[in-house]
Amino acid sequence: MILFDHVTKTYVSDKKPALDNVSLHIEANEFVFLVGKSGAGKSTLIKMITKEETPDEGKIIIGGIDLEYVKKRHIPHYRRRIGTVFQDFKLLPTRTVYENVAFALEIAGMSNREIERTVPKVLELVELSDVAYKFPDNISGGQRQRTSIARAVARQPKILIADEPTGNLDIETGRGILDLLQKINDYGTTVLVTTHDANAVNHLKKRVITLRDGKIVSDQKSHGIYRLDGDNDGISLPQPGHLHPETYLDKGDRGNVPVRHKRRLIQ
Amino acid sequence: MSKMKSEARLRSMIQNSSKHFLRNVSRIFKYGVIGFGRNIWLSITATIVTTLTLILLFATVVAGSVLTSTADAMREKIDITIFFKSGTEETALASMANTIKKDSNVKTVAYSTSEEEYEKLYNDYKEKDNQEMLATLEIVGRDLMIQKQPAAMRVKVYNTSDLASIKNIVNNDEEFQENLHKSEKYAPTYDTNSSAIQTISSWANIATKGGTALSILFLIISTLVIFNTIRMAIYSRSEEIYMEKLVGADSSFIRGPFLVEAMMSGIFAGIISSIAGLIIYNALGPKMKAYEISVDSVNAFLAEPRNIVLLFLMLIGTGMVITLISSRLAVQKYLKRF
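For the record, the sequence lines run as chains A and B. Okay, so the first sequence: first residue is 1 according to the numbering used here, each after it adds one. Okay, so the second sequence: first residue is 1 according to the numbering used here, each after it adds one.
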């Protein structure tokens, strides 16, 4: 579902590359943590997926689409297929919770009737029905992040990317957000979460990819005792040294990780 | 191979998110109107700045028109008065008028005999209710006054700066020399007044040309002010543009509501400035008239209801164009950046 093949990126102002020859493969329906200190290259990797940045070298294939061939005017269409959640929520301050979620559907040209049918269901999923008509400034941080998640999943994307979703929240609220992401994953969405918070990683025992100075330094299944710096016991997963991007283009959206629910996230 | 597959997938994506033009337009308008209300302080600021600009524009246009017609009226008032001996015959005056009319610079010639001049003087005093002077006239007596009163010829010219040819006629024509009033007091006015004539005339020219240049300058400056106001307003919302882009909104869908908001500011500013402009003009117009400033042309224009509608439409249109262009330029900057 997400494939990076020997991707290198150096920003104009920097000498050292932000991403240095990164290769990774995330299968459909997987839940993956991307861990590293600030400056390790997490944000750059995320921006590559949303096509805010383009790699200097290497190939990126998302959901069977080689990003090299996504033209500038088609970027909005491409982005609608990916849900994105941010540390600072990035909600529209002048629109209510309901309108923020509806916005994601409106830009895709969905009819008003469909929107009126879908949004309440999404808000119910993220447990925000009570505050639907409040503005982002008038709700708690956890609720804002739930709004952001609701907006991201309203279009039922195959991929959900969450950039430090618990970064601005206390541990308890953060766990609630992670549980929600787990729920979304259970319904078959591929979830990629970046964090530098060991609590978050240990709350869910998932695959953890660690970035340091733009390089992948470990890729393992967490036992729930992950430490940000230091030796981590876990099953080291084999590194995808020789990926063949062509084969992933053929696979498209299918993956090997089982989906727990047969139903769709939003009916 | 990889390119073809990627592009095929993209094409199907684009087809799926079908282009609902009307649906999008109605949403853009909805969010524009909502945005105008929810960003009310920014909207008010943009509207006020635009309103002030439009009032300034209105004032400049009125001032330009008033200046032009005042300048024309002033030119109209400039004439050369030539005095003749008391009792100069009307036939002689008529023949001299014909002589001077031959000069190409002469626009009109009017003459009056001693008697007519006296009547003019008398009526003038009467009109101004100058009892003292009327009493003096009474004491001296009508007949004696007419005997002393010189006959006069008033010449209006096209070009006040070139009076040499007229002077030449007055100084060299036999008939003129014979009849001219010999007293210093009644020498032809063009000698004593020419500098004043020059000054008034050149001021009128400067005012007409300067008025146009000033209007253009004002318009440019105020457009820059509006542009910067709207740019500041949008700068404070640049994060919004970024968010909308990340969620996958098309550029036109992001830009649209901003343009609708700008358009609303322009419309409101147009209406407010038209009303304010008319109120201010109605308050100042009579005062200007008291200072002998010619407001007749503006009054005549505003007398027609159709022209009032035209005024509203012009100001609303100008306001919309300025705000739309400013907004479009400002939004484009952030759309490109992200």
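These are calculated hints, taken from the structure and not from any lab test. A few of these clues could be false.
Not close to chain B: a few residues of chain A, all C-beta gaps over 10 Å, as computed [unchecked claim]:
#, residue
1, S43
2, G64
3, H74
If we take Cβ atoms under 8 Å as the criterion, some of the chain B residues that face chain A in the derived model are [as the list claims (entries may be wrong)]:
#, residue
4, K5
5, R9
6, K126
7, N130
8, G210
9, M243
10, L246
Everything numeric in this text was worked out from a predicted model, so none of it was measured. Ideal placement from N, C-alpha and C gives every residue a C-beta, glycine not left out.
Here's how the hints hold up against the structure:
1. S43: 13 Å, holds
2. G64: 6 Å, violated
3. H74: 6 Å, violated
4. K5: Where the cut-off is 8 Å and the nearest Cβ of chain A is about 5 Å from K5 (chain B), the hint holds.
5. R9: Holds, about 5 Å.
6. K126: At 74 Å from the nearest chain A Cβ, K126 (chain B) fails the 8 Å test, so the hint is violated.
7. N130: 72 Å, violated
8. G210: 46 Å, violated
9. M243: 4 Å, holds
10. L246: It holds, given that the least Cβ distance between L246 (chain B) and chain A is near 6 Å, below 8 Å.
Checked against the numbered hints above, the structure breaks hints 2, 3, 6, 7 and 8 and satisfies the rest.
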